[in-house]
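If you read the protein sequences in the order shown, they are chains A and B. So the first sequence is residues 3 to 593, counted in our numbering. So the second sequence is residues 7 to 167, counted in our numbering.
It is worth saying that the hints were derived from the structure and are not from the lab. Quick caveat, the model's predicted, so the values are computed rather than measured. Where hints are given, some of them may not hold.
To be verified - Computed footprint of chain B on chain A, listed as stretches where at least three residues anywhere in the stretch have a Cβ under 8 angstroms from a Cβ of chain B:
(1) 54-65
(2) 442-455
As the list claims (entries may be wrong) - Listed next, the in silico BS3-like pairs over lysine-lysine satisfying Cα-Cα at most 30 angstroms (straight line):
(3) B:K150 - A:K383
(4) B:K116 - A:K223
(5) A:K306 - B:K136
(6) A:K252 - A:K202
(7) A:K397 - A:K469
(8) B:K136 - A:K383
(9) A:K383 - A:K439
Every residue, glycine too, gets a C-beta built ideally from N, C-alpha and C.
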Amino acid sequence: MALLQIKEPIPNQQNQVDNDLVVGIDLGTTNSLIGYFNNAELKIFSDEDGQNMIASRVVYDNSGNLIGVGSKPSGKYEISSIKRLMGKNFADLKNINLQNHDFHNLIIDNSSNKEAISLQIADKKISAIEISAEILKHLKKIAEYHLGQEVSKAVITVPAYFDDNAKTATKQSAKLAGFDVLRLINEPTAGALAFGLENKSIGTYLVYDLGGGTFDVSILKMQQGVFKVLGVSGDNDLGGDDFDKIILQKGYKNAKKIKEELSFNETSHGLLRQDFECLIEDKLDQTINITKNLLHDLDIEFSKIDGVILIGGSTRIPLIQKKLAEIFGKDKILTNLDPDRVVAIGACYQAYNLSRSRENLLLDVNPLSIGIEMMGGIVDKIIHRNSTIPFSKSKEFTTYADNQTAMKFHIVQGEREFARDCRSLAEFEVKNIPPLKAGLARVKVDFTLDADGLLIINSEEKYTGKKQEIIVRPSFGLDESKIKNILLESLKNSKIDMEQRLLAEAIVEARRDIEIISNDLTNPEINLEAKEREIIIQQLEKLKEFIEQNNNRDSIQSAHQELSRVSENLILQKVNKILNAKIAGQKVDDL
Amino acid sequence: MKNYFEVFNLPINFDIDLSQLEKNYLQLQQQFHPDSSNINSIENSILINHAYKILSNDLHRAIHMLQISGIDIENDENHIKPTLSTLNEVLDLQEKIHQISELNEILSLKNQLKNDLKSLILNFCRSYEKNDLNLATQVLIKAKYFSKSLQDLKIKEKSSN
């Protein structure tokens, strides 16, 4: 492995396996990132093409088999933006415009039940949760390659405004991908954590996070060692994708590219920046209103905000920065962050925090109120939004008819007055209530939000003391038995998967060296005899051929070893060159 | 009834040092939050969050002080009713909120209500100190109604923006 060490050291290759290693993942609508912080260095890992922003794009062939993940693979079914379907069921879709998504025509109409949305991919029915799991599996492989060991623990970021169903769906995806999720953290919180830790900031900060598919705004108070979220708000169906669509609708192609170029140029492909800004201004004003309303709800004056942290590629749009500057002042807009990577960086810090240091505490809130449907469909809010989690509240309910022996509860999440306008989380029944006069029998219901913000419900019938725990999980997600099946299925395939993985790794490693050696051969400073050069080139071609055939790990590896052997002289020369370059200019005493 | 002041090692007093409260709160969470400790129990962290939420809000802190004294105005079953004059005042207020629509009217009523709430809570403190729990209770019930009206007004302000 001498070759690899010249280009990029692969850490931990020979070291012991670290079971407590926890990676940070930003599972985005458009791009996803994975990285790791080891207290000395924070690394966002790149794929074999050197990209560390991995397209959240899953490709299947015409019989519904996975081809790959990322921007490169192509096939009959190319699924992007699957995050927009997480935690949703068919009935939810009527409020969302998905016309322009590739998966729009693949969605299976399962309105008859409340199952998670699935896509019809060839003759297979594949759920959004499973598709998202493919992205996570891909990220996992990338991290494992760089860390040189198995990775099974992660902190994953989710939009702050994700509801319970969407968070649960994300956790299920992670489980399918083989991750134990230590914590789901909110994307804007992760961004603020990264900013706060790197700048040692203290004060009240607003995070404006406009991602590919979601908008989040969050206000945090940062102190030494504690990051307390004061409140969050947002819109789960508003993001940079929408701007692309607006451009497409105006008859332009390459919408994404035009949008990106207009952040730095006055015109792109014949579209003027000012015209583009007119087209998207309504959408931007929505985000500005949500931002102002949050400050209003929390009783925080605009002038009390010490800085505005921008997250998401779309925040490069100058009009957004201008509108925020009008509210908070130009000097408060912090533009020295990388809006594409800051969330992943925060996830890595939090992963480190939870597994190693416990130095910095994140106190987060629940984004949406939890309530119960009362007579007439009105919602009685039990836990109000922006309560610091973990949180719990109890409520007692009494019977309204004589000899009533059961009570039915419908739990919803949202701010609207009527249950039909909120998200349905769970329905459950408390049975065997002793027949008593109306109002005498009571049922106490505890609503608890854990540190991930996921809901647990317990009920107790006071007369008999009978208790019941209600699992709020999957009125919309995958149920546990389906998850088990998928896991069993993947175990069956794991031997094949393992072999394929080893093959893939052998290919990646071989390709790296081919690239390095090919480059070195063109380096005029390296002197090789013609014959030696010829042998190396022959071996390079041979290795390339084996890679092309893509089926035999042994032949690839032995050809790879042979290449290393015949290139020994070349490598030696190069190492000496590098050493000489380093030594040059230094006094002998310094060495 | 649990005494939330005890959680933060503070005396039962309306005029607590809010920055001290916050400091104690964060210190406790650094100790008991499930992310800070290896003990996988969230009960303590929940209690600390709850206690902080109650004590950091003027009205809720006052209501809690009454609860500790054995009067729970949050529990409808105790049948603690407002006086007729309070009811009339609240009805008038609701009527007024319903009628106004101009933003400047909304804002001026909002400011007036905020001031009213402040003086009601001051009244509560005085009655509480004199141990006149009856008067303290009546004042707080009125404050609770006013606070609800203030929320309605805020929603109205938002929709008129």
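(Q) Checking each numbered hint in turn, tell me which of them this model violates, lowest number first. (A) 1, 5, 6 and 8
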